[in-house]
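Trainee: Model the full assembly from the supplied sequences, consistent with the hints where possible.
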Amino acid sequence: MILDNNKLTAFTPLFYLVWSDDLLTQKEFQTLHTFITAQTWLTQKEQEYLFHKIDVTNPPSRETLNTWYLELKEIVNQNPSTASLYDMALALSHNNTHIKALDTAFKKIEVDLGILGEEFISNFKSNEDTFTSRSQTNTSFEVAKLTSFLDGAQAPIINKVKEVLSRPEFAYETSTDVNVYRETVYEWCKILAKENFGNMAYPKEYGGGGNIEDYFAIMETLSYHDLSLVIKFGVQFGLWGMSIHSLGTTKHYEKYLKDVGSLKLPGCFAMTETHHGSNVKGLETTATYDHKTKTFTIQTPNKNAQKEYIGNAATHGQMATVFAKLVIDETDYGVNAFIVPIRDEKGNTIKGVTIGDCGHKMGLNGVDNGTLSFDNVVIPKENMLDRFASVNEQGEFESPIASDNRRFFTMLGTLVGGRIGIPRSALAAAKSGLTIAIKYADQRRQFGPEGGSEIPILNYRIHQRRLLPHLAKTYAIHFGLQYLTNRFTTRTEEQMQEIEALAAGMKAYSTWSTTAILQECREACGGKGYLSENRIDALKNDSEIYTTFEGDNTVLMQLVAKNRLSEFRKSFGEMGSMGIINYVYENAKTALAEKNPITTRNTDEEHLLDNDFHLKAFQYREKSIVASAANRIKKLIDKGMEPYDAFNVVQHQMLEVAQAYLERVTLEQFQQAIETIEDEAVKTALTKVAQLYALHQIEKNKAWYLEQGYMEAVKTKAVRKMVNQLCWDIRPDAIALVDAFAIPDSCLAAPIAFL
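The working numbering puts the first residue of the sequence shown at 374, with every later residue one more than the last.
Think of the hints as simulated: they come from the structure by calculation, not from any bench. Heads up, the beta-carbon is just placed ideally off N, CA and C, and yes, glycines get one too. Incorrect hints may have been included.
Here are the computed distance ranges between Cβ atoms for each label pair [said to hold, decoys possible]:
| hint | residue 1 | residue 2 | range |
| --- | --- | --- | --- |
| 1 | N496 | D925 | 46 to 56 angstroms |
| 2 | M1014 | S393 | 50 to 60 angstroms |
| 3 | P674 | K563 | 34 to 44 angstroms |
| 4 | R834 | S905 | 23 to 33 angstroms |
| 5 | R779 | N859 | 18 to 28 angstroms |
| 6 | N468 | N496 | 52 to 62 angstroms |
| 7 | A889 | G729 | 57 to 67 angstroms |
Mentor: The following block contains the structure:
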């Protein structure tokens, strides 16, 4: 015994916890001091002795630490059921009466210090019994059943795409010559066109498949392969083809869609200009109408108005959907879309068209991005895509939509499909990266207990922390994007504004998530992750631009926030202070109840894992943040600030509004999806994943919850502890959870995934 008094010996686990590493802060030393002070049954001399043992200026010797370790190890080996600090303390004190009464107090100190009793105890178990020292892969469910659930009704087309991608002709291009790479990608697209993948979303009467859901599934599944292929495919059959379908009319469908779908007519989507990316209304390219000849003249007025980053332009495109300001008799009628030839069938550039090459990029070098400039390029009147606006037989502008603003946003709204395809592609890239990193971590062995064998790095808590919350978020986003896709494909006109905002937000949420995930995967694989053969570099570099195209993420999040503020205003009319308060509490009726001291301090496992607790916490955050932003904007406007300036001042809050909304929607859809699972083993496994997603987001936002008084420190520490526990619990299923993505081996390709 290191102490003569049994009741003092009971504190040895705390001494060892403090000094065995340097992870505890000064504040946590103070927590132990407070704990000791609260034990009034100790004499003053005994308390002083204990304080001396946790004096930061007087650490114990290595010999003392080893003595403590051996004593605790003996206790654990004698009592294999030991599971907590309290169990240790009780055994060391020989069931001292005072220590028996401290069950609750020891549980609280574990929570306050954010430790897991089971994890701490495992440090003292024999090598053969240490949970950390053995491989934990032990699937609790049938992987095929989860795959079937994830794929849903699109399983047949997903499997067909995977079969095509597994063919020898889709072996990855290894040449560093950009021209070779571009031609390989182009040939891949031709194969996909022959399989009728490209025309899947077009109406059947124009040679298509008439199935937009399958088209999105094709885009996501192709993203398990080369992302240059996905973007080339998306430009040709999505942006180019769907712009004709969405903005044109029957005459355009009949003339172009079949050839676009077969890749007989390669084309481009020319919207972005050098000085105008996200601000489409500010585009400077013009289309001037001449009624005498019934033609439009497409003109690039200056260098900064050239079309830039246009996929398919530098090498293969023959035509382009060009967005330009329609001018009739010197009157500007706003941005409209026109089909403009840029090359003839032999590949010669059309007179008046200047095509540049954007050159080598950070990624996606299999896509031929280029620049387009127009100098008096004349096109016939029928080349105007005239679904929402046209020039009549008298040479006058007309539109079924009277409002210029509404017409403009209606036109752009028809192209929202791109903001579904891109986040789904990003999701697939995240799945690929996580599959590689988790499979590697399950096999890569490093370090281990003294005298024992090395252990898989996925058994280390910090490695689980690095990867498994990302895996949980990826699953959550999967169901969030399924929900978005369903909303889009079953939309009504009244729902479009909300769906457009949701699509903008999910595009940002998914692509930002993928960027963070792939960086973590690269680091988690160490030097192996830096090698090109293991594919994380390609996934990382190719998906980097996803945060920018189809709309800059930060700009898109502001669009989402403005939509939420608009919905907020509709809920209660005028933005009076009482109205704002009522909005928060009438729409989160349990808020007051949940902010009572019992709930804000509740650390019971059942409560922390409760779906209702998770969703209400997300809802409360969303509603409070939107109300706060609305209230701040109102005050600024009331003081005389212009609305535009007021929004500018609160832009950081606008991003928080959007983030909270997207997190709530994603969790909500994840939970609802799980409720529909029939297989209990799959349901149990995914429930843990959903719990990890929810609690990790709460942990990430703990400062906000603490500021709001929605949780107290004891609860946020318990949340941190539960996140650790869920990572631990999910780890045995980690391989099965990534195997459920069913990524073809030929696509995954990374040698470290097949050790």
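Trainee: Hint by hint, say whether it matches the structure.
Mentor: Hint by hint, here is what the structure shows:
With their beta carbons about 48 angstroms apart, N496 and D925 fall inside the hinted range of 46 to 56 angstroms. Checked against the given bound of 50 to 60 angstroms, the beta carbons of M1014 and S393, roughly 56 angstroms apart, stay inside it. Range check, P674 to K563: about 37 angstroms between beta-carbon atoms, so the 34 to 44 angstroms window is met. Here the CB-CB span from R834 to S905 is close to 30 angstroms, well matched to the stated 23 to 33 angstroms.
Here the CB-CB span from R779 to N859 is close to 26 angstroms, well matched to the stated 18 to 28 angstroms. With their beta carbons about 24 angstroms apart, N468 and N496 fall outside the hinted range of 52 to 62 angstroms. The supplied range of 57 to 67 angstroms is broken by A889 and G729, whose beta-carbon atoms lie about 33 angstroms from each other.
Checked against the numbered hints above, the structure violates hints 6 and 7; every other hint is satisfied.
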